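Colleague: Just need the whole structure built from these sequences, with the hints factored in.
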Amino acid sequence: MTAVFVTGTGTEIGKTFVTTQLIGQLRAEGRAVRALKPLISGFDAAAPEGSDAAVLLAAMGLDANAENIAAISPWRYARPLAPNMAARAEGEVVDMDAVVEFCGAEMARAEAAGETLLIEGVGGIMSPVSDDATNLDWIAALEIPALLVAGTYLGAISHTLTAVAAMRARSLEITRIVLSESGGEQVGLAETAAELERFLAGIQVQEVARAAAS
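Numbered according to the numbering used here, the sequence shown spans residues 81 to 294.
Because the hints were derived from the structure by calculation, they are not lab data. Do not rely on the hints blindly, as some may be mistaken.
Cβ-Cβ distance ranges computed for the label pairs, FRET-style [stated by the list, open to error]:
no. : residue 1 : residue 2 : range
1   : Arg159    : Arg111    : 32 to 42 Å
2   : Glu275    : Ala126    : 36 to 46 Å
3   : Asp177    : Met206    : 17 to 27 Å
The structure presented is a predicted model; accordingly, all values stated were derived computationally and were not measured. Cβ atoms here follow ideal geometry from the backbone N, Cα and C, with glycine treated the same way.
Modeller: What follows is the structure, encoded as structure tokens:
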């Protein structure tokens, strides 16, 4: 495993938490690992320590200074919208070719260094990234496996099956599905996992309890 894309069925589903868990597991095994979140929306330049980039850097044992944040999250926008919309609000345009080129260079660097590279997407699998590309297109362009983070809220099974269908339609490799327990009214972790496994034979489903994510 050299590079893996971490995507989700929707926004606020637990992608960053799952990515930090993976970083911790790999570091505990003595393996070199880096994580990127190339695009961030809702970034508060006055309080960068609260950003997803800062959370990832902390998991890697790095300071959340301006240089390190820019290195793993070069595209940062203030409004909490899809990146193309957030960029438009600032008079900018997300250049998908530049995003793919950045990731490709980081993948080559990781391979040369013997590192595992985790690339966290934005929003859900079908969330727009640029005006003409979604996360699905982004993963396809990188040609790397993807880990899908899903929830246990009512409707999550349908959303997860839909996401998998979209990914399979593009012949994307799904390494596993990680269920990040949802708050509020929800279906149980074990019940959700059992239903997904019933419909998705061959894909590993991993459960993460809410207590572990708090």
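Colleague: Now look at each hint and say whether the structure bears it out.
Modeller: Consistency of the hints with the structure:
no.: 1; hint: Arg159 / Arg111: 32 to 42 Å; verdict: 36 Å, holds
no.: 2; hint: Glu275 / Ala126: 36 to 46 Å; verdict: 43 Å, holds
no.: 3; hint: Asp177 / Met206: 17 to 27 Å; verdict: 20 Å, holds
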